[in-house]
Amino acid sequence: MDEREDAKRDAGGPGETHPISSAPPPTPAYQAWLAGSRSRQAQAFEVARRWYLAGRRLEMLALAEELGVSRPTLYRWAGSREQLLADVIWSFADELFRTAAERAPGSGAERIVEVVRRFTYWVAEAEPLRRFLEADAERALRILTRRHGGVQGRLVEAYERLLREEVERSELALPLAPSLFAYVIVRVGEAFLYNDAIAALEPDIESLLAVIRVLLAVEPDA
Numbered sequence: 001m002d003e004r005e006d007a008k009r010d011a012g013g014p015g016e017t018h019p020i021s022s023a024p025p026p027t028p029a030y031q032a033w034l035a036g037s038r039s040r041q042a043q044a045f046e047v048a049r050r051w052y053l054a055g056r057r058l059e060m061l062a063l064a065e066e067l068g069v070s071r072p073t074l075y076r077w078a079g080s081r082e083q084l085l086a087d088v089i090w091s092f093a094d095e096l097f098r099t100a101a102e103r104a105p106g107s108g109a110e111r112i113v114e115v116v117r118r119f120t121y122w123v124a125e126a127e128p129l130r131r132f133l134e135a136d137a138e139r140a141l142r143i144l145t146r147r148h149g150g151v152q153g154r155l156v157e158a159y160e161r162l163l164r165e166e167v168e169r170s171e172l173a174l175p176l177a178p179s180l181f182a183y184v185i186v187r188v189g190e191a192f193l194y195n196d197a198i199a200a201l202e203p204d205i206e207s208l209l210a211v212i213r214v215l216l217a218v219e220p221d222a
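Numbering of the sequence shown is given in the UniProt record's numbering, commencing with residue 1 and proceeding in unit increments.
No wet-lab data here; the hints were simulated from the structure.
This structure is a prediction, so every number in the text was calculated from the model and none was measured.
Glycine is no exception: its CB is placed at the ideal position from the N, C-alpha and C atoms.
There's no promise every hint is true.
[Said to hold, decoys possible] Computed Cβ-Cβ distance ranges for the label pairs, DEER-style:
| id | residue 1 | residue 2 | range |
| --- | --- | --- | --- |
| 1 | SER70 | GLU165 | 37 to 45 Å |
| 2 | ALA217 | GLU82 | 37 to 45 Å |
| 3 | ARG146 | GLU95 | 20 to 28 Å |
| 4 | SER207 | ALA54 | 29 to 37 Å |
| 5 | TYR121 | SER70 | 19 to 27 Å |
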């Protein structure tokens with residue numbers, strides 16, 4: 001009976017009818033950069049990352065001119081401006097998440113809580129993201145928190161991988177299917193990280209962690 005219930009939960013089960021965010025495939029430019037290529041596509045992505053870090057507005061015409069290519073070529077490589085922004089932002093967020101997962105001590109629920117803490121803190125401290133929210137709030141929140149924005153779905157997948165890893169190695173018992181629980185972590189994280197009313201970073205990390213601990217049935221810190 002327990003094995004059948006576990007199988008049902010891992011498969012999603014009848015309760016998993018939630019609107020899981022979809023993670024878009026990487027554009028050719030992002031894919032080339034991920035592969036460590038020295039191609040023009042990878043160069044375009046690297047320049048876009050540098051501009052984002054420097055707080056420079058990412059305009060496709062200016063980027064095409066910088067690279068010495070036509071705008072249609074740049075669009076073929078990197079997609080639309082929002083696609084490129086989403087890929088660039090996620091490329092940094094992915095680095096932060098992987099580092100948080102590598103450095104987080106412990107195992108099971110405690111490790112999940114620690115990854116959430118480290119990742120959320122680092123995102124809240126990211127000055128380029130803060131500048132982007134201040135300069136283009138509506139677009140930033142659309143990219144960061146919408147189902148098809150390009151960031152949320154990838155973060156859900158990252159948390160799902162982490163959860164499945166802990167289920168395998170530490171027999172972590174989740175109250176929901178890993179995909180649904182990952183989605184819940186991300187959505188709760190957004191609620192305690194961004195202030196939609198003023199489109200700004202207003203982190204309340206301790207409250208976020210308190211909620212995650214309750215969901216994972218972890219005793220609060222003394």
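Here's how the hints hold up against the structure:
1. SER70 to GLU165: 37 to 45 Å: holds, 44 Å
2. ALA217 to GLU82: 37 to 45 Å: With a Cβ separation near 39 Å, ALA217 and GLU82 satisfy 37 to 45 Å, so the hint holds.
3. ARG146 to GLU95: 20 to 28 Å: Given a distance of about 22 Å, which is inside 20 to 28 Å, the answer is holds.
4. SER207 to ALA54: 29 to 37 Å: Given about 33 Å between the Cβ atoms, the range holds.
5. TYR121 to SER70: 19 to 27 Å: This hint is violated: roughly 42 Å between Cβ atoms.
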